[in-house]
Amino acid sequence: MRLSYPADIKVIQVPCTGRVDIIHLLNAIEDGADGVYVAGCLEGECHYREGNLKARRKVTYVKKVLTDLGIEPERVEMYNLSSAQGARFAEIANEMAEKIKTLGPTPLAKDSAA
Amino acid sequence: MSELKSGSNLEKVLAAGHFAFTGECGPPKGANVEHLVEKFQHLKGNVDCVNMTDNQTAVVRMSSMAGSALMVNEGLEPNFQMVCRDRNRLAMMSDILGAYALGVRNMLCLSGDHQTFGNHPEAKNVHCIDSMQLIAMVKKMRDEGKFLNDEDIDVPPKMFIGAACNPFADPYEFRPYRLANKIEAGADFIQTQCIFNMEKFRDFMSKVVDMGLHEKCYILAGVTPMKNAGMANFMKKFVPGMDIPDELIKRLKGVEKKDQAEEGIKFALEQVEEFKEMEGVAGVHMMAIEWEHKVPEIAERAGVLPRPVID
Amino acid sequence: MIVADRKPIEELLGMVEDCKKILVVGCKGCVTVCNVGGLKEVEVLAATMKIARKKAGNPLEIAEHVLERQCDREYVSQLGEEVNDYDAVLSMACGVGPQFLSEMYKEQSFFPAVNTTFFGGATQHGVWEERCAGCGTCGIHMFGGLCPIARCAKSLLHGPCGGSSNGICEVNKETECIWDSIVKKKMEAGQLEDLLGVKNFKSWKTARDGGPRRSIREELVQGNI
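Taken in order, these protein sequences are the chains called A, B and C.
Note that this note's numbering has the first sequence beginning at 27, numbered continuously upward.
Note that this note's numbering has the second sequence beginning at 487, numbered continuously upward.
Note that this note's numbering has the third sequence beginning at 60, numbered continuously upward.
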């Protein structure tokens, strides 16, 4: 399988999406990411029982935070797929990149150091 | 119940063994005395006393004490309502003395609807004491001539003490005991919540009679004539503690809209007839809400006129 | 524990509108347990505020600190005079926190980041309910272990009122009628007589009504034990 996905996506590996916390998603946005998504295992198939479900709740929370700040909540998403679904991984990556392109760059000022 | 406690007209009527008939009148949302006095005229001579409500449903109105005093001036006997929601014990005792000084001889002790129902839901609720304790406090002031702190009152307020009872609130099994508690605390008479579910009320009264409560206190059955099916529906849905059977709504809907008011009055009259015969019921409290002008007709058709005059 | 809710972000941003550099101080006491003002919440609030200010093109520098407790001077003092390096300080503790901080660091402005609501406990993960009104004269034992002062909307000592319906309070469909529970418990236990008679008039002197309260334990004041 020689599947390609957009080069401007940076993958951060975690043992389980249950490890992804609200603060990680917020930090990504704060540091200038145009979007962030969490790719967890299929629901019901978490090796740690419900890590992916917790991740979804955290994504939902962050979406609400962004909404409160007047930032498009679609910049943060949760996806579920299995490690065997390489094609789906590429598809999601393209879908997310496409969505972010439509939304445009982050509304956060780039030139600030803080 | 032989010796008079207050000498109010209501007390005299009840003590003489007459079937009492009391009315109700809400004070205005403003200082419109003229309109209030006009409402009084419908009630005058047709009832033994008139409840003057105290910011009912937690909506601000002219004070029940002022309304009661205006009533006294018009030669009508008030039943001064007092809720625990708006006053602490200082204000309550002071208002009881004030009302008495203005000629008030009956009062009704209530908890009061919660302020979230009213037009100032941001208000602080007081509940320094509760309705049970309010009854006990008025009794202490009257019978012992003392304030709550045991200091003497120079001229004690001789009030005929009333309390409310809602047989339709939960838990149902406890309601007769709560009533007994109010009587023990000092209630001389009880006015019940509006009754629509007659079957349940019959059962309630049989329990009350078994406990002998009717011998210690006068129980007045609450009646509200329905103006139309819409009012019945509204009360069923939105007024806390109301038990409105579907059959009643069906009955009102069964007639043409223009005849629903008459059907509502007919049901109320049937109730009054039954209460006259019901063991333990000493009278009826007719709450014709914003329908005071109908009271003369209702009283006439209920066969409770003329009202007894006792010296 | 003391339960609180975080203030809306809008309100917090408004408080520090004119600031460039602030400190957010959390507390490891009650507000950590009710997930409103501990380490995690300090981090999330700081990140959220920074995002908002970056978006507005007016970045805000935020330092974070979590104290063991904000209701003890020995911990509050750990912040040290460096608190004066900031334009303002947000306290994520209950209402005690911003006051202990203000009392110790008189030059600095401290803002409450949470609304302190009640004394209660978690009835399920994420849900806290009021249990105590701190009235200063506890009589829970008289009511089957359930406090009507805190849990009845009218603080009745002789309930339930006429608005009790199917175990639900008239004020709110989400609220149980505590008097329904008290009565049922007493009836089941055959202790109905406990609810009869007129209870003593409650003295509110020991509650907030008597003025701000103070608790003194001589043996500790003297430092002997």
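These are calculated hints, taken from the structure and not from any lab test.
Take these hints with a grain of salt, some might be off.
What the hints assert, rightly or not - Subject to a maximum C-alpha distance of 20 Å in a straight line, what follows is the list of computed EDC-like cross-link-like pairs (lysine to aspartate or glutamate):
id, chain 1, residue 1, chain 2, residue 2
1, C, Lys261, B, Glu765
2, B, Lys632, B, Glu701
3, C, Lys258, B, Glu608
4, A, Lys36, A, Glu103
5, C, Lys99, A, Asp47
6, C, Lys232, B, Glu520
7, C, Lys258, B, Glu776
8, B, Lys739, B, Asp729
9, A, Lys89, A, Asp60
10, C, Lys114, A, Glu117
11, A, Lys90, C, Glu235
12, A, Lys80, C, Glu102
13, C, Lys114, A, Glu71
14, B, Lys780, B, Glu765
15, B, Lys515, B, Glu489
16, B, Lys686, B, Glu765
17, A, Lys89, C, Glu235
18, B, Lys723, C, Glu69
19, B, Lys743, B, Glu786
Consistency of the hints with the structure:
For the proposed pair Lys261(C) and Glu765(B), the alpha carbon gap of about 37 Å is over 20 Å, so the pair is violated. Taken as a hint, the Lys632(B) and Glu701(B) pair is broken in the structure, with Cα atoms around 27 Å apart against an allowance of 20 Å. The suggested pairing of Lys258(C) with Glu608(B) is violated, with an alpha-carbon distance near 29 Å, which exceeds 20 Å. For the hint pairing Lys36(A) with Glu103(A), the CA-to-CA distance comes to about 15 Å; that is within 20 Å, so the pair holds.
With a C-alpha separation of about 10 Å, the suggested pairing of Lys99(C) with Asp47(A) holds against the 20 Å cut-off. A threshold of 20 Å between alpha carbons decides the hint, and for Lys232(C) with Glu520(B) the separation of about 40 Å lies outside it, so the pair is violated. Proposed proximity of Lys258(C) and Glu776(B) is contradicted: the alpha carbons are some 37 Å apart, above 20 Å. About 18 Å separates the Cα atoms of Lys739(B) and Asp729(B), which keeps this hinted pair within 20 Å; it holds.
Only pairs whose Cα atoms come within 20 Å are accepted, and Lys89(A) paired with Asp60(A) is accepted, the gap being roughly 14 Å. Straight-line distance between C-alpha atoms of Lys114(C) and Glu117(A) comes to about 30 Å, which puts the hinted pair past the 20 Å bound. Straight-line distance between C-alpha atoms of Lys90(A) and Glu235(C) comes to about 30 Å, which puts the hinted pair past the 20 Å bound. Restraint check for Lys80(A) and Glu102(C): the C-alpha separation of about 19 Å stays at or below 20 Å, so the hint holds.
Between Lys114(C) and Glu71(A) the CA atoms are separated by roughly 38 Å; this puts the pair beyond 20 Å, and the hint is violated. Of the supplied pair hints, the one linking Lys780(B) and Glu765(B) is violated, its CA atoms being roughly 28 Å apart against a limit of 20 Å. Between Lys515(B) and Glu489(B) the alpha-carbon distance is near 39 Å, which puts this suggested pair outside the 20 Å criterion. Simply put, Lys686(B) and Glu765(B) have alpha-carbon atoms about 15 Å apart, close enough for the 20 Å limit, and the pair holds.
As the CA atoms of Lys89(A) and Glu235(C) are separated by approximately 33 Å, the hinted pair breaks the 20 Å bound. The suggested pairing of Lys723(B) with Glu69(C) is violated, with an alpha-carbon distance near 37 Å, which exceeds 20 Å. This hinted pair does not check out: Lys743(B) and Glu786(B) have alpha carbons roughly 24 Å apart, beyond 20 Å.
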